[in-house]
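Peer 1: Sequence:
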Amino acid sequence: MGYLKIILAILIWSSLGIIVRKAGLPTQGIVFYPALLAAIFQSIILYKKGGLSLPALRGSNIILYILAPCFLANTFLYYYAFAHTTIANAVLTHYTAPIFVAIMAPLLLKEKSANTTWLAIVLSSIGLWLMLGGFSVADEDLKGIIAGIASGVVYAVIILLVRAISQKYTSLFVVFVQNMVAAFILLPFVIKIPLTYQSLPYLVALGLIHSTLAPVLYLDGLKTVRANEAAILGYFEPVGAIILALIFLNEIPGAKALLGGLLILCSGYMIFRGRG
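What the sequence shown shows, in our numbering, is residues 37 to 312, in sequence order.
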C-alpha cells in the first residue's frame, strides 16, 4: 500500500508542469501562494483534530524546520537548471537523486541497498535518458547542469530527512510545518507579486492537491517504503508527465520515450518484487 501511495503522489506531481505554466506567475509566487493556502487549510484540520498547538510546534524535531529550506532550495535550483540548460539536461541531472539516496541511506538510515536496487537505478536512469533524448553538454549549459545535480543532491537529502521522521509525526503535521516555514521565508519576496483571477484557480489546485494531498500520500507511503526505493519510484513522474501531455496536449510520445517509460516501469516492478 505504501508503494501505491507514493506512486499516486508522484503522478499528481507530474501534472505540475501543466499547472505552473497556466498559472503565469514568477517562481516565488507559484511556490508562496499555494504554500500559504495549504498551511491555512492544514492548520484548520489539525486544530480540529487536536494535533496543533504551540507546545507541539516548539517541541518538534529540528528536522521539521530544516525540510522547508531544503524544499525551497530544491525548487529554485531545479528552476534555475531549466532556465540555464535544456529541459533534458535539467531533468536528467535532477534525477541523480536515487543514486545519492542509495549511497547515503546505508550511512544515515542504516538501510542497505540491495543489488536489485542498484539494477533498478541503472534501468530507470537509462529509461529516463531515452525518454528525454539523451544528454548534451555545452559551455553555456554548465551552470544549469551544476544546478540540476545540486537539486538532485538536495532532493535526496529531503527524502532521507522525511524518512527519518516519518514514524514520529503525522504526515499532515509534517506537511503543515513545511508549508508554514516555506511561506514565512518567501513572504518578503512576494509582496510585489499580486494575485490574478487567471492564476487563482491554479494556485488553489496547487495548494490543496499538490501541496496537501500529494505530500501527505507520499509521507504516508514513506512510513513503510525504504528511502532508496521511494527515490527510484520518483522516476514515475516523467512517465506521468508524458501520459498527461498525451491526454491534455495531444503530444504523442516517440518510440524512444515509450521504451524509456517501459524500462522505468520495469524498475518499479523490480522494487515491488524485491519486497514481496
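Derived by calculation from the structure, the hints in this document are not laboratory data.
Hints may be right or wrong, so weigh each one.
Computed cross-link-like contacts, DSSO-like style, restricted to lysine-lysine with a CA-CA straight-line distance of at most 30 Å [to be verified]:
(1) K204 with K292
(2) K204 with K84
(3) K204 with K146
(4) K228 with K58
(5) K259 with K84
(6) K179 with K228
(7) K292 with K58
(8) K259 with K146
(9) K259 with K85
(10) K85 with K228
(11) K179 with K85
(12) K58 with K146
Peer 1: Would you mind marking each hint as holding or not holding in the structure?
Peer 2: Evaluation of the provided hints:
1. With a C-alpha separation of about 43 Å, the suggested pairing of K204 with K292 is violated against the 30 Å cut-off.
2. Between K204 and K84, the direct Cα distance comes to roughly 20 Å. Compliance with the 30 Å bound is thereby established for this hinted pair.
3. Distance hint between K204 and K146 is fulfilled; the C-alpha atoms sit about 17 Å from each other, no more than 30 Å.
4. This hinted pair checks out: K228 and K58 have alpha carbons roughly 20 Å apart, not beyond 30 Å.
5. Taking the CA atoms of K259 and K84, the gap is about 24 Å. The hint holds against a cut of 30 Å.
6. Annotation: proposed proximity of K179 to K228 holds, straight-line Cα distance about 28 Å (limit 30 Å).
7. Note on K292 and K58: the hinted pairing holds, with a Cα-Cα distance of about 28 Å set against a maximum of 30 Å.
8. Of the supplied pair hints, the one linking K259 and K146 holds, its CA atoms being roughly 15 Å apart against a limit of 30 Å.
9. For a cut-off of 30 Å, the pair hint linking K259 to K85 stands: about 21 Å separates their Cα positions.
10. Under the criterion of a C-alpha separation no larger than 30 Å, the hint pairing K85 with K228 is inconsistent with the structure, at around 36 Å.
11. Between the alpha carbons of K179 and K85 the distance comes to roughly 46 Å, so the proposed pair goes past 30 Å and is violated.
12. For a cut-off of 30 Å, the pair hint linking K58 to K146 is broken: about 42 Å separates their Cα positions.
Violated hints, listed in ascending order, are 1, 10, 11 and 12; each of the other numbered hints is respected by the structure.
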